[in-house]
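Peer 1: Quick note on numbering that gives the first Met the number 0: the sequence shown kicks off at 0 and runs consecutively.
Derived by calculation from the structure, the hints in this document are not laboratory data. One or more hints might be untrue.
Derived pair list, reagent style SDA-like, types lysine to any residue, alpha-carbon separation capped at 20 Å [to be verified]:
| # | residue 1 | residue 2 |
| --- | --- | --- |
| 1 | Lys192 | Trp548 |
| 2 | Lys540 | Ala452 |
| 3 | Lys192 | Ala452 |
| 4 | Lys474 | Leu625 |
| 5 | Lys992 | Arg1061 |
| 6 | Lys192 | Glu572 |
| 7 | Lys540 | Ser767 |
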Amino acid sequence: MNAIHKFVIAYILPFLNIMSWTRIQTHSPQLDTPLLFSNRTHKLCTLPNGILTLLISDPDDTLSACSLSVAAGAHNDPLSLPGIAHLTEHMLLAGGSKRYPQLGEYHETISKYEGFHNAYTTGEQTTFYFELPLLATAIDTNTDADTTTTTFDTVADMLASSFKHPLFTTGALNKEVYAIASEHDANVANPSKLLYHGIRQLANPHHPFSRFSTGDMHTLARSSKLKRRVKHYFQDHMGSDRMTLCLRGPQSIHSLAALALSKFGDIPAGARSSGPGTPMPSPAVSPSPSLTPPPAQPRKWEIGRPGEADPHGLGARTLERVWLPQYHGVPCFLPAPHHNAVHIVPPTLADRRVRYVWPVDRVESPFGQREVWLFSAVWAELLGDESPGSLCARLVSLGWATGCAAFVSEFSVRDTGLVLELMLTESGWEQRSLVSACVMQRMRAVLDPAAEAQCAQFLRTQDVADLIAFVHRAKPSSPMDEASELSARLLENLGALDARNLLRGQPTFADLGGYADIAAADEGSAEVSEWWAGVAARFTKFVGDYTAWSNVRVVSMGPRDPGQRDDDYDTDEHYRYDYREESLREPEAMPTDDHSFSPFPDPNPFIPSWCASPQVLHQLVLQSTLESRFASLQPGAARHGSAALSRLQIPRLAASNGQYSLWALEDPELAAPTSRKCAVTLHLQGEGTPSPLTTLSLEVLVHAAAAQAGPALYASQRLGYVWECDASEQGGSTLRVTVCGFAEGVPRLVRGIVRALQDAASATTLSSAAWERARAATRAAYDSAASDNALRVASVGLLVLLERHMWPPAERLRVLEEMTREEYTLECAALLRAPRLTLFVQGDMPCGDTVSRWLSDDLTGHLRPGAVGSTSPSPAYVPHTVSLPPGCDYYYEHERPASTNALVYFLQTGPRWDPRTRALTHFTAYLMSLSLHAELRSRRQVAYVVLGGTRELTDTMGLHVSLLAGSAPSELELRVGEYLCYLEHEVLARLDKAAFQQHVQTYLAARERTAAAGNGDKSSADESVGGPADLLQEVAPTVRAGDIDADTASSASLHRHRRLARAILQGQGNNHPQDRAQADREELGVLRRLTLREYARFYCTYVSVHSPDRSKLSVRVVGTSGESDDGDGGEDDSASSDVLLVQLQAFLRMAGVLVDTEALRKAVAAAGEQGSNAALVRGILRSLGGSRPREAWRLARAVLRAVLQARAAAKDASAQSKNGPVYCAAAAASTAQNPRRLATPDALWR
């Protein structure tokens, strides 16, 4: 850096930052702040062009994030072109801008510097967001002089430039249409997407919510002027007057303000500005001749209701300002619809679900917006409750449901929905009318006048629970996810929300009138009781007004009812499911003596005594908020050093004998006086030997125990406790219980879980009905896993193939069906009869002592006088991984009914704990991360989910590329081979020594940043790019209660605790926590000495498609509509047509030619009848030629180009250059070995 640059940084930039504030309007609200946020500085301001902006300066961040939200979405779609809003979202960044014209430069730059990006479109808003490592730098080539700036600044400029001068380049248009079509294909297999679309079918046809909005090939490919339509949509709806912005990073508030102003401050307003006094766009609603037309004058929505004034003068309610005039007073749902229910029959899914939706029209509501917001959230907590006496507990006990969920869904700015979703059993599906009767009886129980006191107590408990959850909220692990939530929230009515609740996301009871008057009063005073009684009366009125049967909409998804004919159902043209609209009458009441409910849950026994008072919790919020206000004046490391320090510590062996070992980690972050938390893992090891019977017996045991203990322990989840129980990890007679939460409640949870396990293992205390229900729950868990995302199924398949004692699912299900009660009891006894104990305690140490003493007294006896000695318990068996032989090329294929296919392409590179293998494998994963997504997802449109990186197994490790797509897995495998050729010949072969060392140094810097942030316990630096490196760590436990991914301190700590616990339990080589740091040091030492020649040998041996020694295994998951490789070449005509269809779709996608799937299918069928390739081309051209000559011309050019490339490839493939074969499809195909199909999942172990 020269002297001029130093002078600019030292003197000019601070002056410019100060000058930035003179052009920005700042706002006064101080945001309520959780404890762990107290070192952050928040600033709310408005840019000169009207963009409301939230700036977050966090000195702990190693990433910087940006999110821009726009009050424009699918409700703007014209009737003739569904999906245009979604396509515009894609095109804005894919098509480039005047300042950055290169196609895909935004995405490629983010990938190159190990960042992440995303975007989404809803009915009323569109959000774009990304995050990047702060220290990444790049040269800004769009200035007169080469100026070194952070990559974050550059990418922020790319994002902003797309809203100033977008290009909407034709070359990107058709590829993005294919990307949207691929997204829609994935949605077709998503139960939640199908249910949501079912709600649309019951909505008011006048309202745009009722329309299909994602877009697909059928809706987007038929427009002949698509680029012009996208451009017009952007000009009409994407202006600064509809935008909000959030920036988060370790930069100072002044730097973030300067960045916001310089990059986003000059985005122009839209062509149809929705500011005061300007004309509105054409109405979003569309009248139908069969329905009453919308009213001529929109109803005025009075925002400033009593108690809902805007105390900070923000005037920010962008969604209301933009959308309410467009709706012209038309609600999402009619008050008296022709049909109130729809029955969906999905073509492939086996789920049985029912979703009840009670619409809430906030315009017509007699309740204020804050009340609607708050009472809706409380209703969701009440109906989602699973404690004894709840709706869920009752339906599960009757064998009608396996679970339930209640939540609030936003349909439009004026319409929300109270949603109750039930996951039904086969019996429950057949008894849907009785299930509905139970639901309505539950609603009536809330309205019982005799339960008023219980309602008031429940609301007071909710107030405390909400405060506890907020006070102890953890910082989101992904800065860009938080930024996207906040920028979208800034579009809301901040008067109703109150800007100080911006981080909370909803109003609180403290925002209701009169709360301030009782805040200082004694909790038991008559004044306080009277106030809560008034709130309870308002809440019960809210429930009574909105949850009557006359207001319900019911969406059921499952098999057809007996006696129904085909012509009773219609077919949805977009989601391709059969459906039948129905008019359901209110069910008759259930007998109250047999099916009564507790109106409200009992007081929560897991609330810690030290924070049971709302006054104490409000004081903690105030303290943290004040610290945040002055955070910029204090060094963050001095105040939050304990958090980073705790992440760098490792567990120590505190005590052991022949029957147990105790590991401890004094974690100051968990055990701090303001949190007082603890994480405990207890691992029981029995006398049984690994077998499928052992595994399935213990899984049934865990399900039986969870059914017994779950309702009683449910209240803990409301406070952020998380507990999980996992049976027979990798096949042995073992059981693991992990609990994390407030130290005061952890021993209570452990006792409840262990006693339930003891009762479930006893032949005398477990009823036959409970045992059968546990077996059914186990079977349902396997059914659910089998219908999971195809990519997850393929990833788990890799473990089944390579890890010993992972037993194939078919074998597990066979054993489950044949298991007897006596065999089950014997296997449970072998585990719980004097098991060996490994106990790991993190955080509050006295909590661990309490747990250890209780376990010794009631289960293990490890602290009794006779249990002495210095020897730690040795494992009964050690898991192993099969090592693939050099030169092998295996694949295993699994078929299932689905519309998507998946491929996991695995290359074994060596022993897991060998320093050289680890170093070179992780480094290769880093190099792949720079181009894999850009090549296979963005540029080539091979798959709509692309992951790649490191895979670590028990004994070995390697590299993987995982794809989710509509193409046949064999075709995907060829595409991966092409990519590896590209990486070898177009990237690595062009590196000189200096360029290679630059890559090494960049990677080392990234590893050092990870270690400095306290994440050194991660398996590899590429985890977030390629998915989890250690798949065994990510396998879901048999039972889990609580949200491990929620933004709570318990969840954040539990992720690390589970990794450390697994390292302790495996007890192999460098996987000991004490040895892990040494292994990392050795790995980094290998990288510092690495030369280009040495790395080239590694790549050519273990990765290159030309290597005769590489070890490869692929797992293919094939949907019923995909390719099935039988290995004998005898596919029937239908299968051949399907394969040809998939291959043509891939070819047309690469060529950028839009052809509707149905039109292409017809062309393939006609060509098959004539047996002519020429007939196929004519059929495709016929579908394009008349109305879309440009597409026809593009197809002709693509065919010619493919012919010429094939001729060149054939010539080049026959000759070897000194650098190896050239990069092309023919090279990859010609060097591919003949893969050997594995007939059974255990073939590698025989």
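Peer 1: So, for every hint listed, does it hold in this structure?
Peer 2: Against the structure, the hints:
no.	hint	result
1	Lys192 <-> Trp548	violated (24 Å)
2	Lys540 <-> Ala452	holds (15 Å)
3	Lys192 <-> Ala452	violated (40 Å)
4	Lys474 <-> Leu625	holds (18 Å)
5	Lys992 <-> Arg1061	violated (40 Å)
6	Lys192 <-> Glu572	holds (15 Å)
7	Lys540 <-> Ser767	violated (43 Å)
This entry does not satisfy hints 1, 3, 5 and 7, going by the numbered hints stated previously.
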